[in-house]
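J.: Chains U and D, in that order, give the protein sequences. Going by this note's numbering, the first sequence opens with residue 86, and the numbers climb by one from there. Going by this note's numbering, the second sequence opens with residue 676, and the numbers climb by one from there.
The set of hints was computed from the structure by calculation and includes no laboratory data. Any given hint could be a false lead.
Stated by the list, open to error - Covered by chain D, according to a simulated footprint, are these stretches of chain U (three or more residues, beta-carbon under 8 angstroms): (1) 437-444; (2) 450-463.
Said to hold, decoys possible - Calculated Cβ distances over 12 angstroms to all of chain D for the following chain U residues: (3) Glu149; (4) Pro181; (5) Glu319.
The beta carbon of each residue, even a glycine, is placed where N, CA and C say it ideally should be.
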Amino acid sequence: MGGNAVPLLEAVGIRKRFGGVVALDGASLQCQAGEVHALLGANGSGKSTLAKVVTGVVAPDAGEVRIRGRVEKISGPADMDRLRIAAVYQELSLIPQLTVAENVLLNREPTRAGFIHREALWQRAAEVLHRLEQYLDRRLPLHEPVGQLSPADQQLVEIAKALSRDPEILILDEATASLRRHEVDALNQVVRELSAAGTGILFISHRLGEVYELCQRATILRNGRVVGTVDLAETPERDLLRLMTGEDLVLERRGRSRPMSRPVRLRVEGLRVAGCLDEISLEARAGEVVGLGGLQGQGQSDLLRALFGDLPHAAGRVEIDGKPVRLGQPADAIRHGMVLVPGNRGQEGLFMIRSVLENITLPSLAHRSWAGWLSLQRERNAARHMLNRLQVKVGSLDDSVATLSGGNQQKVVVGKWLLTEPKILLLDDPTKGVDVQARNELYRVVEDLRDAGLVVILNSSDDSELLALSDRILVLYEGRVVDELRGERLTEQELVGASLRLGSSDRKEGMSHA
Amino acid sequence: MTSEQRATPSGEMHPGLAQPPLDPNAGALTVRLRRFLTPSAIAYGLVLVLFVVGELLSPGFLSTRQVLNVLRVASFLGIVAAGQTLVVLSGGEGIDLSVGAVMSLAAVMTAHITQGRDALVLQALAQILAVGFALGAVNGVGVAFLRIPPLVMTLGMSGVVQGLTLLYTQGIPKGRAAPILNELVTSPWIGGIPGILVIWLGLAVLMSLLLGRTSFGRRLYAIGANRRAAALSGIHVRPMLVVIYGTSGMLAALAGFLFVGYTTTVFLDIGGDYVLRSVAAVVVGGTSLAGGVGSYTGTVAGSIVLTLLQSILTTLRLGEAARQVIHGLVLVLLLAAYGRQRALRQ
């Protein structure tokens, strides 16, 4: 990768403004042939916008994109095909009703006499999928409609779709967010093959572990400007975080291991949910953070949803403050002070087209209204107070919640529940897609709530986060609690061991902070 | 979701979709202008334009009497479209195609029950409101509990109600409007304004308060914007849908009741025109067919726009065929313009 060679991909002085917001302010980057180049930055730093300028989805206000030294105007899929650029985004561009094979080769179907040549289509799609499948222990169903697939498999199909274009420049924008560990490994293998063959890869991810594993250099953006391009081999994680946020951030242990003498707030006995949970029993005391660990998808999210009344209980008993409760629907759980911050905030937590004000006040309207009549002044005061408490900066309460960054959106979801003054907070992967700074602020909120005597039940795909926040961790495997870690056993090693104890190699590795 | 959660003037960005090029000079002024140019503001602008066009084509169109007349005709559409607004706002492809049949049944029942006697008017009102709500609530149960798509459910209900109307009348509607009902609609009430307009204004105030100032309104926008998130926020989505569709039926029935005062006699399909026009009024008023965004203030303007359009075409003295073709074309143009408007805004 000679530094003097003409870069495969070069963006120079890109500026982009959306309305009053400057997304990119003269950002530049270079990616050589055969290089895996990371694009890093907190949410809202402009890295996705920069990637979208390269793929022509966003037209820049100023600056230019050069491919192999030539200035190119990229304004659509046709240009991308011509220049052999392919991209995978976190939001999927698949058509749910079409099969896996049809999606992979969408709009490039092999034809015979003007009609789609189905056998050829299946064959070509199978070949492309094989490039991923050879590193997986299973095959993707070629003839299944994509809508029937799990989110992880859909992501894999999306990746295969990009691979099928034989790209010379491949952009992976948070393409691993919904993948499990072994699937990430498979993707990494394919990326290495591509880079060995001379493809330049632009890699965007919040998981620094993956970035170090895969990339050689990184360009770091902050507030739309490039603050540095570094050689990753010579840059420790701490320095990287400092470049991204402009401040030192360390994930230190926050959980407490001292014995709890407070009363039991939540008791679950023999909870069973058809198809995902079996004989779950647990107790949580006031002021306790209980983590749910294990491999991803072993029932952690399902347990939180079942407690929230979003999954029907086949058997079991739940007590809150010593009283048995019936949890048939979320409204029941909310009435008893148990609330859920769901794993997918866009689809389950927020009303994107509605305002910040309406989003944050919705579940607690009854607290401030008289016979359904709202006092707008009290609504605004309550919202403003909560946003201040959670350090969310908003232009106006009436702006749509979609204008906020991922971290601030998540704070709005947390805030809407805090306004209901809950006793038990269920958090399902609360920092997924949240930048480092907002993460730290969310951790502080969790600590405050714990100190105020709430029960927090936390599921996280990030093991280091789980270990740092939890007072103890219940390890789940195939819908059962198989171990409980507390005291000295709260270490990464113990957690890994406990997660794997039933002989699976399917471990989800969290990103390790410095 | 991307890591950059920013709403941009060019909307949600999807890979592979070309975006319209943006004006690099678009600044704070444009933002402010966009905020001011809400769909309902545009609809009111259209009302003014159409009144002026009417005056140019046929002088006297802007006289008080003419304007009041247009508004009086618009009020029936406005009342039907009030229920339609609630249904469309509730999302999930919400639409009520049974409003016309319910309106017809209510009109036929009103004439039948009152038989031209003032004393029976309140009794008729109570009965038709109850029937309207019940029929709408059945729609709501079908949509919310049996998960039947609203289009299918309400279209089917429309057929059922037409059958019920036939059964009720044995094919020949009887009776006529009570004089008091006729007076309510035609003669001036307060300051020369017909009673029907006072009722419509009252309804508009109630609807705006309901949508903007009550928990019910907030929850309605929420279930329209994201039904799953609404359920996970503790909203009882299904009972709410029953109430919403029920209210739509009730308002359609109210429109039928009042319409008898306007026509004085009844026929079997008296409300048939109002189905698609009520949907069009809602859309022209800026309410999103996807649900979750919109207002009744907009629908009021939409109702007036549609009525004005018909009224202007009538004054042109074209043949019925030409009138219908032009009406249809203008409607398509209007709706297309709104579609573009929304794409640019987001």
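J.: Each hint should be assessed against the structure and marked as holding or not.
T.: Against the structure, the hints come out as follows:
no.: 1; hint: 437-444; result: holds (count 4)
no.: 2; hint: 450-463; result: holds (count 7)
no.: 3; hint: Glu149; result: holds (14 angstroms)
no.: 4; hint: Pro181; result: holds (14 angstroms)
no.: 5; hint: Glu319; result: holds (26 angstroms)
The structure is consistent with each of the numbered hints, conforming to all of them.
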